[in-house]
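Asker: Please arrange chains B, C and D on chain A, whose structure you already have, making use of the hints.
Chains as they are written, first to last, in the working numbering: chain A, 106 to 442; chain B, 106 to 442; chain C, 106 to 442; chain D, 106 to 442.
No lab work stands behind these hints, which were simulated from the structure alone.
Treat the hints with care, since some could be wrong.
The list treats identical chains as one, so a pair stands whether inside a single copy or across any two.
[Stated by the list, open to error] Here are the computed lysine-lysine pairs in the PhoX-like style, where the Cα-Cα straight-line distance is at most 25 Å:
hint, residue 1, residue 2
1, Lys429, Lys441
2, Lys381, Lys162
3, Lys420, Lys162
4, Lys162, Lys423
5, Lys175, Lys381
6, Lys194, Lys223
7, Lys166, Lys111
8, Lys162, Lys175
9, Lys423, Lys440
10, Lys381, Lys166
11, Lys381, Lys282
12, Lys111, Lys175
13, Lys306, Lys257
14, Lys220, Lys194
15, Lys429, Lys194
16, Lys111, Lys423
17, Lys175, Lys441
18, Lys429, Lys440
19, Lys300, Lys220
20, Lys166, Lys429
21, Lys381, Lys111
22, Lys441, Lys282
23, Lys166, Lys304
24, Lys420, Lys381
25, Lys420, Lys111
26, Lys166, Lys423
One-letter residues, chain by chain:
Protein chains: 4
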Amino acid sequence: MIIVLKPRTTEENILRVENMVRARGLETHTVRGEELTIIGCIGDTVRVDPRLFEVDKSVEKVMHVQEPYKLANRAFHPEDTIVDVAGVKVGGDHMALIAGPCSVESEEQVIEIAKAAKESGANMLRGGAFKPRTSPYSFQGMGLAGLDILCKAREVTGLPIVTELMSAEYLDLFDEKVDLIQIGARNMQNFDLLKQLGKTKKPILLKRGLNATYEEWIMSAEYIMSSGNPNVILCERGVRTFESYTRNTLDLQAIPVIRRLSHLPIIVDPSHAGGKWWLVEPMSKAAVAAGADGLMIEVHNNPECALCDGGQSLKPAKYDTLLKEIRQIAEVVGKKM
Amino acid sequence: MIIVLKPRTTEENILRVENMVRARGLETHTVRGEELTIIGCIGDTVRVDPRLFEVDKSVEKVMHVQEPYKLANRAFHPEDTIVDVAGVKVGGDHMALIAGPCSVESEEQVIEIAKAAKESGANMLRGGAFKPRTSPYSFQGMGLAGLDILCKAREVTGLPIVTELMSAEYLDLFDEKVDLIQIGARNMQNFDLLKQLGKTKKPILLKRGLNATYEEWIMSAEYIMSSGNPNVILCERGVRTFESYTRNTLDLQAIPVIRRLSHLPIIVDPSHAGGKWWLVEPMSKAAVAAGADGLMIEVHNNPECALCDGGQSLKPAKYDTLLKEIRQIAEVVGKKM
Amino acid sequence: MIIVLKPRTTEENILRVENMVRARGLETHTVRGEELTIIGCIGDTVRVDPRLFEVDKSVEKVMHVQEPYKLANRAFHPEDTIVDVAGVKVGGDHMALIAGPCSVESEEQVIEIAKAAKESGANMLRGGAFKPRTSPYSFQGMGLAGLDILCKAREVTGLPIVTELMSAEYLDLFDEKVDLIQIGARNMQNFDLLKQLGKTKKPILLKRGLNATYEEWIMSAEYIMSSGNPNVILCERGVRTFESYTRNTLDLQAIPVIRRLSHLPIIVDPSHAGGKWWLVEPMSKAAVAAGADGLMIEVHNNPECALCDGGQSLKPAKYDTLLKEIRQIAEVVGKKM
Amino acid sequence: MIIVLKPRTTEENILRVENMVRARGLETHTVRGEELTIIGCIGDTVRVDPRLFEVDKSVEKVMHVQEPYKLANRAFHPEDTIVDVAGVKVGGDHMALIAGPCSVESEEQVIEIAKAAKESGANMLRGGAFKPRTSPYSFQGMGLAGLDILCKAREVTGLPIVTELMSAEYLDLFDEKVDLIQIGARNMQNFDLLKQLGKTKKPILLKRGLNATYEEWIMSAEYIMSSGNPNVILCERGVRTFESYTRNTLDLQAIPVIRRLSHLPIIVDPSHAGGKWWLVEPMSKAAVAAGADGLMIEVHNNPECALCDGGQSLKPAKYDTLLKEIRQIAEVVGKKM
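Next comes chain A alone, as it looks inside the complex:
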């Protein structure tokens, strides 16, 4: 952390700021220039809020130098983390290929989709049982019954299941039944929920919030990790911009940036990002070419009748073709599929 003092700060005031820093357990190194005096703060700066010093009348600004996270930081853990989801590896050169409907609608539906997706090469099944919906009047998901259908589909196909947890109330149940617990974009900073995720060791799929910076996203992973669960997979799903033609703007720079800042795996959800089925194919290819550790794609056997997000779902045949093309790109960038 670096504290820049106002021009012409007196020695007395410099001393006061230095003491304030030391009171927080940090060491200080001060550079006195004619126009510019700066105090370098050295020590465990992650635990000190820079905003505390900004208040002082002699302080011009306070700048972070080191990332405010540790457990998720690649600097302290140089090799890639590989998360094991019920036997399916994610990270390193292993790709997560997650497919399934937006919402669980019926046993027949889910099993049919799961079989087809597995046939095409998917290695996990997704499906929403509890659905976060902007409107209280929209379909809110089948709830616990939906969860049971997913379990049934796992039994039939052997695919590990991924589904969204919206409240700590169901955490024990998810811990028992679900293989990869998804935390949705709108709950990325539901800090209370994040803290509770340390109670399980089940892998967590942490979606990026609609306007979350890379740092905030990694900090949310740090919440989960610091509460005791190191098994976090990040998922880029688009951020909100001024462009309204697409649902969100998919930020594929997130892949190399996260890879540089953190050792956690990062996958991409092109279905929610664009909100249009015809964007899924080019964006899936792009994500893999950029080095993504996996893809989460909505697949529906009858999108026209889907209760939710049919417009962004692929039919099983299209998904099959897509995976064939993806495989060739994965090879070029050194990923196994």
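Answerer: Using the frame of chain A, we list chains B, C and D on its own:
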């Protein structure tokens, strides 16, 4: 709702789309033009997700015409809602003047601030007991002990208390002890929490999410109202933009827009919006001039030592001066203080 | 400027970076810490691009400490600049009250509006002769004929005239005929045009770009000032965000921020910001309460038939009422009208 | 275009709006519903500004149905446009591989880079002679001397040259000397300049503005095309978001979206988007996988000493490796290199 069909859609396809609409309980009126065929959908469109139709191969786009909310909609409730917070009225020509520290730090602190704020004209006391913090390593608030301190300060000053609820787990306790339950920006779309707020009739202060549209914000109010609690106050606190000099960009157009779309009161939090104490005074004046139903302002007796957000807090003397100036502007725009 | 080096940078590499800095005419002060080595760069940093050093393999990041502008910087010019527009003062406690139609459509129209606006208290007349339009098929303005109509209206009413310059080609003509030359949001970083504005001493009204940071905006003023024209007035007109209900999001925090960073006057255009006539009144009041040095408002005698932006124009009678209310708020904040 | 009327609009008012529409040369088809009356407007709606009708007191909203552009619209020109840049084809399955330094600094520099880039497979040479810089104190480019150096490099290598035009003043000269005239992001809506580009038939490389929607971007192409120059290539270079770790957020969804809406070629500039050299490789691969018609990449023989943007430049050896990998991905997606 209006469905625009693709150019040159056949009669057979038009019929199919019409049937799809009718199957959802809506009536259809179709206009056939040479270049353009549109289906007007009439009925209770609030309960129908327009995305359901976008999937059809003959559909070009689907456009909402009516707002997707009812209970919060001014069209169905033309007069202003006035929310009663333990005897303090908010809305109409009544202003909420909420003041207090970001975090509860000690009994002495809170009581001293509360007394001073009341003296200046504040009619509610705020203070964080549970704090949503981006970092797991930052001060997370005093928790239940903080809540008790707020209650003590209410006892001493008579000011109703406002504090943030982060998890449904504490809802019963808040229902018992708190006068105005705040839902923070990061939980604005924690739908599970919103639904639970119908269990109480205590007024809810619903902050706008950092990237929430007006419609999404009102929809979150609709969640609370449709679950059984009509006492919602909205709070604008800045949205996230590309500008990083200020913490967030305060959107004061929200005041007249919300007033037009909804009958709920809307107040403004200039402290969190700008993140700098010297922005609080001009933005408070601006908010009142624009017609805000209240102000929530951080006041701290010793900002230099605040455990959180000291840099955006006013000292009691500054708050006192501010309220005097605000009073003159309130008069011009017809508000009582 | 501060250069943060990578952890464990060798002395040899530190020396190389120091030399690189000195080669640009700056002095260096280096702090060596265990985890952190920083080089403070002292001297005329405004003329050195920090990105030049980011390239070095030993450099972690480079941070600006001082603002990259001088002539527009309040630090070097503490008192408010007051710009004189053909006798009308703008800045300090003097307010610019600019009114008129979006586009000049006819002599009758402009003169009728100008007379009414003057009657209500306006002290400048605006009107577009050359119009920047997103579509090549939209009305592009009357061009030179429009300019002559504005001059005629000035003759009749005595109001100085404000109109937009879109190309350096007409600069001499504008210099001769126009009192306040407007540079539109879309040309805020048309650097070639900005540089040419030093050829005149006529005051320039520089609108903020739709996604311009405060710093970029002030830098565009610096372009004009450094080319020889110190008479710049800034105009906030809304920035682009994810919210699409309003045309743009008016950023009134810009007023106190610009006032702190720069000595130049800042006025507000609430008509273009919201794009809806009913937002003009509350936002005008808010702007004045926040300390704006003026308002630029679209006034049209027949908005229903306007060739451009009728939907955001006030009728003369509404403008008259607005100015009466504004006057009371101006008094509270110490401005003359 | 669809006009939605306010609930309970009288027949008289409906008639007035219909007449207003017909006065603009459009036909009307009106649907009368109990809650909802809509007027479908049919005809050459591209030439009618929908904002003209929004002003009417009976109008709730006006919605565009058809895109407001024609010449650039794929609906009227289904096959891909292939632009010929001095013999190098761009579009269809032909890739533009543009490489070179941000700024022209010397003849030796440019020729050395050009030779190396050509060797690696580049088919055009880029280099800035006139540089748009945020600060008036930054290096503004070598100007005309820079242009001559580029011509020299073309003579030596045979590579067509691409460089940015900032002012119509130099258009004749560019027409004579340059092969592909670049219009920068900050001039994307410099409408005056766009209109002048019809004076030449030289291909134009139109960069996307930092906050331009797809529609606005295509409309700027439409300006050029409607003024008489059909040879436009679009270039995605990142948009501005709240994320500040990267310079901009590269929007690769732009590739399939533009391809759907327009027949014009679209290339990607990953160097400016991310602003970091290590993002260029993964984003180049992603862009090609998503179907881009080309890549514009900054290559510098000595980035540490570059006068501009060295931090985002690749060294020739890295560029060489990159093109080899790109070639494999291009093959998978059916592009020739």
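Asker: Work down the list of hints and note, for each, if the structure agrees.
Answerer: Hint by hint, here is what the structure shows:
1. Taking the shortest alpha-carbon separations for Lys429 and Lys441, both the intra-copy value of 13 Å and the inter-copy value of 21 Å come in at or below 25 Å.
2. In this assembly of identical chains, Lys381 and Lys162 lie within 25 Å of each other by CA distance solely across copies; the values are 12 Å between and 52 Å within a copy.
3. For a Cα distance limit of 25 Å, the shortest separation of Lys420 from Lys162 across copies, 13 Å, qualifies, whereas the shortest one inside one copy, 62 Å, does not.
4. Taking identical chains as interchangeable, the C-alpha atoms of Lys162 and Lys423 lie at most 25 Å apart only when they sit on different chains, with a minimum of 16 Å there against 62 Å within one chain.
5. In this homomeric assembly, Lys175 and Lys381 come within 25 Å of each other (Cα to Cα) only across copies, at 24 Å, whereas the closest approach inside a single copy is 37 Å.
6. In this assembly of identical chains, Lys194 and Lys223 lie within 25 Å of each other by CA distance solely inside one copy; the values are 16 Å within and 42 Å between copies.
7. Taking the shortest Cα distances, Lys166 and Lys111 sit within 25 Å of each other both inside one copy (8 Å) and across copies (21 Å).
8. In this assembly of identical chains, the alpha carbons of Lys162 and Lys175 lie at most 25 Å apart only when taken from different copies (23 Å versus 31 Å within one copy).
9. For a Cα distance limit of 25 Å, the shortest separation of Lys423 from Lys440 qualifies both inside one copy, at 22 Å, and across copies, at 21 Å.
10. When the C-alpha separation of Lys381 and Lys166 is checked against a cutoff of 25 Å, the pair qualifies only between copies, where the shortest distance is 12 Å, while the shortest distance within a copy is 44 Å.
11. In this assembly of identical chains, the alpha carbons of Lys381 and Lys282 never lie at most 25 Å apart, being 31 Å within a copy and 43 Å across copies at closest.
12. In the homo-oligomer, the alpha carbons of Lys111 and Lys175 lie at most 25 Å apart only across protomers (17 Å), although the nearest pairing inside one protomer, at 31 Å, exceeds that limit.
13. Taking identical chains as interchangeable, the C-alpha atoms of Lys306 and Lys257 lie at most 25 Å apart only when both belong to the same chain, with a minimum of 23 Å there against 41 Å between chains.
14. For a Cα distance limit of 25 Å, the shortest separation of Lys220 from Lys194 inside one copy, 20 Å, qualifies, whereas the shortest one across copies, 45 Å, does not.
15. Proximity of Lys429 to Lys194 under the C-alpha cut-off of 25 Å is restricted to the intra-copy arrangement: shortest distance 20 Å within a copy versus 30 Å between copies.
16. Proximity of Lys111 to Lys423 under the C-alpha cut-off of 25 Å is restricted to the inter-copy arrangement: shortest distance 23 Å between copies versus 61 Å within a copy.
17. Proximity of Lys175 and Lys441 under a CA criterion of 25 Å is satisfied in neither setting, with 29 Å inside one chain copy and 45 Å between copies.
18. Within a single copy, Lys429 and Lys440 get their C-alpha atoms as close as 14 Å, and across copies as close as 18 Å, so both meet the 25 Å cut-off.
19. For the homomeric pair Lys300 and Lys220, neither the shortest alpha-carbon distance inside one copy (35 Å) nor that between copies (35 Å) is at most 25 Å.
20. Proximity of Lys166 and Lys429 under a CA criterion of 25 Å is satisfied in neither setting, with 53 Å inside one chain copy and 31 Å between copies.
21. For a Cα distance limit of 25 Å, the shortest separation of Lys381 from Lys111 across copies, 16 Å, qualifies, whereas the shortest one inside one copy, 51 Å, does not.
22. Neither within a single protomer nor between protomers do Lys441 and Lys282 lie at most 25 Å apart by alpha-carbon distance, with minima of 28 Å and 49 Å respectively.
23. Taking CA atoms no more than 25 Å apart as the test, Lys166 paired with Lys304 passes in neither setting, with 39 Å inside one copy and 38 Å between copies.
24. Within a single copy, Lys420 and Lys381 get their C-alpha atoms as close as 13 Å, which meets the 25 Å cut-off; across copies the closest is 38 Å, which misses it.
25. With identical chains, the CA atoms of Lys420 and Lys111 are at most 25 Å apart between copies only, with a shortest distance of 21 Å across copies and 62 Å within one.
26. In this homomeric assembly, Lys166 and Lys423 come within 25 Å of each other (Cα to Cα) only across copies, at 23 Å, whereas the closest approach inside a single copy is 53 Å.
Comparing the model with each numbered hint stated earlier shows that hints 11, 17, 19, 20, 22, 23 do not hold.
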